[in-house]
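Peer 1: Residues per chain, in single letters:
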Amino acid sequence: GNSVTQMEGPVTLSEEAFLTINCTYTATGYPSLFWYVQYPGEGLQLLLKATKADDKGSNKGFEATYRKETTSFHLEKGSVQVSDSAVYFCALSVGNQGGKLIFGQGTELSVKP
Amino acid sequence: GAVVSQHPSRVICKSGTSVKIECRSLDFQATTMFWYRQFPKQSLMLMATSNEGSKATYEQGVEKDKFLINHASLTLSTLTVTSAHPEDSSFYICSATPPGTMVEQYFGPGTRLTVT
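Just so you know, the protein sequences line up as chains A and B, in that order. All residue numbers for the first sequence refer to this note's numbering, where the first residue is 11 and numbers rise by one. All residue numbers for the second sequence refer to this note's numbering, where the first residue is 3 and numbers rise by one.
One chain only, chain B, in its complex shape (with noise of 0.2 angstroms):
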């Protein structure tokens, strides 16, 4: 059980445009999703909790405006990265926590953006 799924696996695009990343609860609910961001050989940085149905929380440095998320429903939640830099490529990771618990996190496969 407890399967989260992102796609895409890997994208690459050119500098100035957007990227749309989706995290998606295979087989259960998910009010809360997380997002992170890891460089090469370092660890996860949480950038955003996105609760459905309402704003995202950033944290503190992350630019609100640069990283869309979006939690439309239940299953999925979507992070879009807008005029993309190469300074963005990085390694994105979602997690899911199902309900009635604040302790269990979910991870994705994760997805490699490149900005050329």
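Extracted from the complex, chain A is given alone in its bound form (with noise of 0.2 angstroms):
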């Protein structure tokens, strides 16, 4: 079946750190990838997405390659802010599945002045 991993929080770092939240997946097609970003006591955004093998995906500073060879979609941004405090979510969603998306577990950051 289709599932996604991530590495679990919650991650705390310093302004100005470098930021890397590991998501793997496992899937049956050819799945569209995301990262959905969860601002406290709001809604989901996308923050990016890749469509295809080797595809990057990039967005206020964050960046994610879809590696098919490693089935991984890792987030990283080079420089963390404190308005980056949130919970991270990796999905992915396969065309066949009618758009469905299917969520890992989702990622606390907090990043400290």
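Calculated from the structure, these hints are not laboratory results. The structure displayed is predicted, hence computed values, not measured ones. Quick reminder that beta carbons are idealized off the backbone N, C-alpha and C, glycines included. Every clue listed holds true.
Away from chain B, derived, C-beta distances all over 10 angstroms, residues of chain A:
| hint | residue |
| --- | --- |
| 1 | Val21 |
| 2 | Phe28 |
| 3 | Asn32 |
| 4 | Ser68 |
| 5 | Glu73 |
| 6 | Thr75 |
| 7 | Arg77 |
| 8 | Thr81 |
| 9 | His84 |
| 10 | Ser93 |
| 11 | Ser95 |
| 12 | Ser120 |
Calculated pairs, PhoX-like style, for lysine-lysine (alpha carbon to alpha carbon, straight line, at most 25 angstroms):
| hint | chain 1 | residue 1 | chain 2 | residue 2 |
| --- | --- | --- | --- | --- |
| 13 | B | Lys57 | B | Lys22 |
| 14 | A | Lys110 | B | Lys43 |
| 15 | B | Lys57 | B | Lys68 |
| 16 | A | Lys110 | B | Lys22 |
| 17 | A | Lys110 | B | Lys68 |
| 18 | A | Lys87 | A | Lys70 |
| 19 | B | Lys16 | B | Lys68 |
| 20 | A | Lys87 | B | Lys43 |
| 21 | B | Lys68 | B | Lys22 |
| 22 | A | Lys62 | A | Lys78 |
| 23 | A | Lys87 | A | Lys122 |
| 24 | A | Lys110 | B | Lys66 |
| 25 | A | Lys59 | A | Lys78 |
| 26 | A | Lys70 | A | Lys122 |
| 27 | A | Lys87 | A | Lys62 |
| 28 | A | Lys87 | A | Lys59 |
| 29 | A | Lys78 | A | Lys66 |
| 30 | A | Lys110 | B | Lys57 |
| 31 | A | Lys110 | A | Lys62 |
| 32 | B | Lys43 | A | Lys122 |
| 33 | A | Lys59 | B | Lys43 |
| 34 | A | Lys59 | A | Lys110 |
| 35 | A | Lys66 | A | Lys110 |
| 36 | A | Lys66 | A | Lys87 |
Far from chain B by the CB rule (all over 12 angstroms, computed), these chain A residues:
| hint | residue |
| --- | --- |
| 37 | Ser24 |
| 38 | Thr30 |
| 39 | Ala63 |
| 40 | Gly88 |
Build the complex: two chains, separate frames, hints provided.
Peer 2: Next up, the structure:
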């Protein structure tokens, strides 16, 4: 079946530190991969996506590369800010599943000044 | 663009009563909407896929008679929690997919349901 596994949180970093949140997946088809972010008290927002192997999604300084050989989609940012504190969800969607999203368990990020 | 709203944002109800949650796509028509449930500090669990004008498709383990979903128009889907119990207390989130894509989903802000 299809599943997503993320590194466990919470992750606590100092401002301007480098961020990596690991995400690996299993899928029976050719998935699209996503990172969503949920700020405190808000709904999910799409952060970035990649729809095929070797694609790199990027937004707001965050990047993730679709690695088919390692079935991974790790999220990275070179210098985090306090405002990046949120819960990050990795997700996949397989085209023949009607657009359904399968989410990882979420990783809480806390950035301290 | 692509804004999805939910109403209410919070609701408290007594055990045994029913609660209706609305999900609206404000600036696009959504042929497909999804309903998720999120427990504290946990991931989102897909409950059902709602297609305009047809019956919802429920995920395994989700009770159809308890969680009634209606998608009567291209901009509105409703989730009714019938005969609610304290274990139904949760954060319910909807998402909507614009036509022409099955990749993008836009999420509502969620509804916090507390059953006392």
